[in-house]
Amino acid sequence: MTEHRRRRRPARFDDLGLRRALGDRMLPLLVAAMAFLAALALAGSAGAAALARHWQEGAAAALTVQVPADGTAGAAAVVAALLATPGIAAAQALTDADLAALLRPWLGDAGSAAGLHLPAVIAVRLAGDGPDLAALQTRLAALAPGTLVESHGVWVQRLAMLARSLEACAWLALGVVAAVAASVVAVATRAGLAARREAIEIVHGLGATDGYIARRFAGRATWLAGAGGLLGALAALPVLAALANLAAPFVATQGAAPLPPLKALPLLLVGGLPALPLGAAAIGFVTAQATVRAWLRRLS
Amino acid sequence: MVRLEGVALHYLSAGRPGPEALRDLSFSIPEGGFRWLLGASGAGKSSLLRLLHLAVRPTRGRLAVFDTDVGRARRAELPALRRRIGMVFQDFRLLPHLSAFDNVALPLRIAGRTEPQVRADAQEMLRWVGLARRMAALPSQLSGGEQQRVAIARAVVGRPSLLLADEPTGNLDDGQAERLMLLLQEMNRLGATVVVATHNAALVARHPGPALRLAEGRLLGDD
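In the order they appear, the protein sequences are chains S and X. Going by our numbering, 138 is the number at position 138 of the first sequence; the sequence numbering is gapless. Going by our numbering, 72 is the number at position 72 of the second sequence; the sequence numbering is gapless.
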């Protein structure tokens with residue numbers, strides 16, 4: 001195939017003079033900037049998706065039960081009742097040391113020293129969809145009056161919603177970046193058409209088809225946009241690595257189940273970044289083809 | 001081969017039809033025919049050649065080239081027809097960034113010929129027009145006469161069935177002009193239809209032949 005093509009046409013034969021008309025500076029640099037932004041958007045999207053999934057899988061399956069301090073004896077009964085309830089995987093009262101550790105950021109060591117009457121706090125992990133919370137609340141309050149059942153579900157769901165919105169925004173940004181990249185290629189192609197108008201008319205007069213002329217432009221634009229995309233992806237690499245480092249603790253420490261911590265980013269680095277030059281090249285090819293073919297219709 | 005029936009052409013100026021460059025032209029040229037195209041500047045010689053080269057389509061009337069109705073043909077049909085037409089422009093219209101060799105090779109490469117064939121044909125044609133030693137030169141490094149010979153070589157290298165020339169001897173001395181006429185007559189003898197627009201009365205006198213005479217966009221005579 002390659003041998004056949006070489007026989008057809010020397011590789012460096014630039015009949016329309018596009019090496020100068022479609023310069024190798026401005027277009028690749030602009031596309032590189034677009035690819036860089038696209039890499040950030042991809043990272044944002046993947047990160048937000050990972051956080052949303054993580055929060056939902058981890059924290060949504062948890063419940064906190066508070067038993068008032070004066071009914072400490074009731075706490076053990078509440079734990080026993082919880083463990084006997086279907087849909088609950090585990091229930092464990094926090095020790096005084098655990099509570100003191102939780103309060104230390106707010107009260108310092110004064111909390112335990114002041115001998116505050118702290119409620120007993122029971123951490124509950126749900127299995128599956130968990131029990132009916134309203135019924136559970138009534139049942140536990142009868143056992144130990146003043147007992148509160150606090151679901152993490154509501155605010156976790158809000159957080160997850162926020163994360164999903166962020167993810168949607170990131171995809172939107174990616175779409176806008178792609179559209180801008182296509183515009184940049186279209187403007188550069190039109191400038192090239194204007195600069196090579198006479199050469200195009202001559203080649204057209206010699207019997208070149210629209211496809212022949214469009215291929216010349218698309219070949220050049222594909223190469224320049226692809227190179228720009230590669231440049232942008234390489235520039236984004238260290239930034240994404242740093243972001244992955246920063247994000248890792250958030251996903252890694254929450255939740256009881258050992259979820260794969262930020263697997264999303266390495267996956268993105270492996271799959272998403274190489275896709276950027278390819279995507280940029282595809283945008284270059286399609287845009288140049290469409291722009292040139294539309295322009296050529298003015299010739300008979 | 002070429003047939004015109006009531007053909008008119010007006011160019012658009014600012015989107016509106018401008019003055020008519022050609023009016024009510026009817027004539028035909030048989031396959032293998034030869035025609036001088038004569039007339040003063042502005043008579044419409046170049047416009048008629050543009051029509052025959054399929055660079056513009058007629059505004060009115062019917063133009064058939066190679067038995068294809070040019071006015072009604074799909075755009076995609078025209079490139080294949082153009083590849084059978086050779087055109088020598090008054091202003092040469094060489095590609096300035098390509099060498100003489102690459103300029104002459106261009107029609108063959110567009111037609112998709114293999115590279116060994118391109119090389120052989122283009123070199124032979126450049127030798128024929130006396131530019132064997134200037135093959136690598138850019139048009140800007142060539143004299144006017146040399147550029148014209150490159151333009152002629154490019155027009156005939158694909159062995160066109162229809163050969164059009166607009167003032168092809170304008171930049172040539174008498175000896176070169178004679179040599180060119182011999183080439184055109186040779187192409188004609190081999191079967192190509194040839195149309196040559198010129199001001200050069202002496203050349204026409206030396207090579208008498210049927211002529212289309214234009215004045216103000218109309219055909220005065222077809223003899």
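By construction, these hints were calculated from the structure, which means they are not laboratory data. Even glycine gets a Cβ: it sits at the ideal position worked out from N, Cα and C. A hint or two may mislead.
[What the hints assert, rightly or not] Okay, the calculated beta carbon distance ranges per label pair: (1) X:R57 x S:R20: 42 to 50 Å; (2) S:R190 x X:L220: 23 to 31 Å; (3) X:M1 x S:L234: 41 to 49 Å; (4) X:V204 x S:G219: 41 to 49 Å; (5) S:R19 x X:R57: 16 to 24 Å; (6) X:Q141 x S:F13: 36 to 44 Å; (7) S:A194 x X:M1: 47 to 55 Å; (8) S:R20 x X:R206: 43 to 51 Å; (9) S:A290 x X:Q141: 22 to 30 Å; (10) X:Q141 x S:S300: 28 to 36 Å; (11) S:E198 x X:A136: 18 to 26 Å; (12) X:M1 x S:R20: 34 to 42 Å.
[Claimed, not checked] Quick partial rundown of chain X residues pointing at chain S, CB under 10 Å, derived from the structure: (13) A111; (14) G170; (15) N171.
[To be verified] Derived list of chain X stretches under chain S, where covered just means 3 residues or more per stretch with a C-beta under 8 Å from a C-beta of chain S: (16) 73-82; (17) 178-185.
Evaluation of the provided hints:
1. X:R57 x S:R20: 42 to 50 Å: Cβ of R57 (chain X) to Cβ of R20 (chain S): about 33 Å, so the range 42 to 50 Å is violated.
2. S:R190 x X:L220: 23 to 31 Å: violated, 44 Å
3. X:M1 x S:L234: 41 to 49 Å: Violated, since M1 (chain X) and L234 (chain S) (Cβ atoms, about 60 Å apart) do not stay within the stated range.
4. X:V204 x S:G219: 41 to 49 Å: Check passed, 47 Å falls within 41 to 49 Å.
5. S:R19 x X:R57: 16 to 24 Å: violated, 34 Å
6. X:Q141 x S:F13: 36 to 44 Å: violated, 19 Å
7. S:A194 x X:M1: 47 to 55 Å: Cβ of A194 (chain S) to Cβ of M1 (chain X): about 37 Å, so the range 47 to 55 Å is violated.
8. S:R20 x X:R206: 43 to 51 Å: holds, 45 Å
9. S:A290 x X:Q141: 22 to 30 Å: With Cβ atoms ~38 Å apart, the hint is violated.
10. X:Q141 x S:S300: 28 to 36 Å: holds, 33 Å
11. S:E198 x X:A136: 18 to 26 Å: holds, 22 Å
12. X:M1 x S:R20: 34 to 42 Å: holds, 41 Å
13. A111: This interface hint holds because 7 Å falls under the 10 Å limit.
14. G170: violated, 19 Å
15. N171: N171 (chain X) check fails; min Cβ-Cβ to chain S is 18 Å, beyond 10 Å.
16. 73-82: Since three or more residues must qualify, the claim that chain S covers the segment 73-82 of chain X holds, with 7 doing so at under 8 Å.
17. 178-185: violated (count 0)
This entry does not satisfy hints 1, 2, 3, 5, 6, 7, 9, 14, 15, 17, going by the numbered hints stated previously.
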